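Please model the entire structure based on the sequences and the hints provided.
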Amino acid sequence: MSQQATTHRLEVDSSKCQGHGRCYTIAPGIFDADDEGYSIVRVADISSDQWELADRTVHECPEQAISLSGEKR
Amino acid sequence: MTPTPEQTAADLVRTFNYLDPALNEDPYSVLRQIRSGCPVGRSDELGGYWLVTSYGGVRRVLTDPVTFSSRTLTLPPEGAPTLVPETIDPPDHARYRRVFTPYFSPRRIETLTERAREVARELIGTFVANGGGDIIEQFAVPLPCTMFMEIAGFPIADLAQMIEWKDAFMRDSTSDDPARRQHVAEFVMPRIMEYFNKMIDDRLEMDNPPDDLVTGLVTGELTSGVTMAREEILSALLLLIAAGLDTVTAATGRSIEYLATHPDVRKRLVDDPSLIPSATEEFLRYFSLVTNCRQANVDAEIEGIKVSVGDYVTVCGPSANRDERQFNNADEIDIERSPNPHLAFGVGPHRCLGSHLARMEMQVAFEELHRVMPDYHITPGTTPKHHFGGVMGIDNLHLTIGLAPTK
Numbered sequence: 008m009s010q011q012a013t014t015h016r017l018e019v020d021s022s023k024c025q026g027h028g029r030c031y032t033i034a035p036g037i038f039d040a041d042d043e044g045y046s047i048v049r050v051a052d053i054s055s056d057q058w059e060l061a062d063r064t065v066h067e068c069p070e071q072a073i074s075l076s077g078e079k080r
Numbered sequence: 019m020t021p022t023p024e025q026t027a028a029d030l031v032r033t034f035n036y037l038d039p040a041l042n043e044d045p046y047s048v049l050r051q052i053r054s055g056c057p058v059g060r061s062d063e064l065g066g067y068w069l070v071t072s073y074g075g076v077r078r079v080l081t082d083p084v085t086f087s088s089r090t091l092t093l094p095p096e097g098a099p100t101l102v103p104e105t106i107d108p109p110d111h112a113r114y115r116r117v118f119t120p121y122f123s124p125r126r127i128e129t130l131t132e133r134a135r136e137v138a139r140e141l142i143g144t145f146v147a148n149g150g151g152d153i154i155e156q157f158a159v160p161l162p163c164t165m166f167m168e169i170a171g172f173p174i175a176d177l178a179q180m181i182e183w184k185d186a187f188m189r190d191s192t193s194d195d196p197a198r199r200q201h202v203a204e205f206v207m208p209r210i211m212e213y214f215n216k217m218i219d220d221r222l223e224m225d226n227p228p229d230d231l232v233t234g235l236v237t238g239e240l241t242s243g244v245t246m247a248r249e250e251i252l253s254a255l256l257l258l259i260a261a262g263l264d265t266v267t268a269a270t271g272r273s274i275e276y277l278a279t280h281p282d283v284r285k286r287l288v289d290d291p292s293l294i295p296s297a298t299e300e301f302l303r304y305f306s307l308v309t310n311c312r313q314a315n316v317d318a319e320i321e322g323i324k325v326s327v328g329d330y331v332t333v334c335g336p337s338a339n340r341d342e343r344q345f346n347n348a349d350e351i352d353i354e355r356s357p358n359p360h361l362a363f364g365v366g367p368h369r370c371l372g373s374h375l376a377r378m379e380m381q382v383a384f385e386e387l388h389r390v391m392p393d394y395h396i397t398p399g400t401t402p403k404h405h406f407g408g409v410m411g412i413d414n415l416h417l418t419i420g421l422a423p424t425k
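Just so you know, the sequences run in chain order A and B.
Just so we're on the same page, my numbering is the position in the first sequence counted from 1, plus 7.
Just so we're on the same page, my numbering is the position in the second sequence counted from 1, plus 18.
Check before you lean on any hint, since a few could be wrong.
List time: in silico SDA-like cross-link candidates among lysine to any residue, alpha-carbon distance up to 20 Å [claimed, not checked]:
{"no.": "1", "chain 1": "A", "residue 1": "Lys-23", "chain 2": "B", "residue 2": "Val-202"}
{"no.": "2", "chain 1": "B", "residue 1": "Lys-403", "chain 2": "B", "residue 2": "Asn-414"}
{"no.": "3", "chain 1": "A", "residue 1": "Lys-23", "chain 2": "B", "residue 2": "Thr-85"}
Derived from the structure by calculation, the hints contain no laboratory data.
Here the structure is a predicted model, which means the values were calculated and not measured.
Laid out in structure tokens, this is it:
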């Protein structure tokens with residue numbers, strides 16, 4: 008029973024981010040704000056237990072600036 | 019022949035004037051009908067414009083500022099004010115925006131939270147001591163206005179005067195009554211400008227001006243050695259008054275009205291204040307306030323509908339944020355809604371500059387209000403009055419402290 012410990016790549020498209028701040032409010036462990044309030048990815052390799060929270064930020068972002076590669080698990 | 023829902027919706031759009039006072043109490047039923055049958059439609063009102071009511075359509079327009087210019091933000095286009103930086107298009111917009119950003123960044127706003135809490139506590143303390151009253155006048159207006167005076171660097175002694183000017187400007191500059199419009203243009207505006215000019219002059223004369231917003235606008239560089247022109251600073255201060263004060267009042271006030279009439283939801287916030295941030299996002303969605311305008315720079319398409327160069331395109335936030343194709347049970351409040359990618363602060367490069375401030379003020383308002391006043395209801399015999407238009411609002415909300423009497 009070997010379950011592959013896959014990670015998922017989280018990215019913010021900085022050309023789309025307008026600094027709404029939804030991501031770093033919901034998931035402060037994964038994102039941070041720069042001095043002007045734009046999003047910075049703190050953890051780009053998302054583990055299985057962070058997946059749901061990371062995926063939520065993808066859908067919360069009004070600019071559709073966040074992407075998460077791969078499927079759950 | 020019975021008209022199809024699409025024809026009926028197109029007919030409703032044709033005569034839709036978003037400034038019509040008939041929409042004040044319930045804009046939602048007609049917007050729902052329009053959105054379902056004709057989400058991008060042509061109105062003959064206000065000189066002619068496209069009305070965009072769907073979530074996707076509003077995103078399409080606001081995230082493409084190269085195609086859709088914000089130079090004319092309000093209709094009719096004659097007399098639409100220049101409001102720096104909102105009426106500036108890319109690429110210049112970013113240079114202007116950068117001057118304002120430091121004063122509204124999340125970190126800066128976080129440092130103001132305790133002060134906002136102090137102001138809120140004092141106001142709500144007085145409200146409770148008075149045994150209730152109009153929560154708009156006594157709480158939802160002075161909280162954001164006091165914070166704005168302090169951020170701008172305006173003397174707090176001028177608060178009442180500023181509120182009076184703001185009310186006259188917001189209420190009367192788009193009035194149907196020419197006498198009211200004239201009063202604003204000839205009496206109120208010159209006095210506001212005289213006040214702003216004095217604030218600017220004060221900073222220019224000081225060797226060490228205070229670190230406030232007016233100083234930032236006076237000294238902030240667009241490019242090396244180039245600061246904003248006097249006219250641009252005046253326009254920016256007017257925008258901050260127009261966009262920053264009534265909006266927080268309205269969003270806070272409408273939320274409190276909802277909570278006054280939904281004791282079950284209120285109890286959840288009282289029992290578990292950690293729900294306040296997500297409840298705030300939901301109130302922002304549900305009571306989205308802003309309907310404003312863009313102008314097509316080129317021929318373009320919005321959700322399959324062709325618009326022509328020069329056409330005005332009005333995007334309706336109060337409708338887009340209740341689009342049932344985007345939000346499940348869009349016409350219901352779910353204080354734990356997730357995801358909630360609402361467009362209450364707009365979307366694209368003109369995203370509300372003050373959004374972090376607005377959010378913080380609303381959260382603090384709900385926390386402090388419910389800490390001392392967990393139960394309240396609308397005072398029997400009073401009816402809250404609302405308005406629609408470019409910025410939706412609430413004019414009064416009389417509250418009595420304690421649970422509503424049971425029938």
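Here is what the structure says about each hint:
The hinted pair formed by A:Lys-23 and B:Val-202 fails the criterion: a straight-line CA distance of about 39 Å is larger than 20 Å. Under the criterion of a C-alpha separation no larger than 20 Å, the hint pairing B:Lys-403 with B:Asn-414 is consistent with the structure, at around 6 Å. Distance restraint check for A:Lys-23 and B:Thr-85: the Cα-Cα separation of roughly 16 Å lies within the 20 Å cut-off, and the hinted pair is therefore satisfied.
Consistency with the previously given hints fails for number 1 only.
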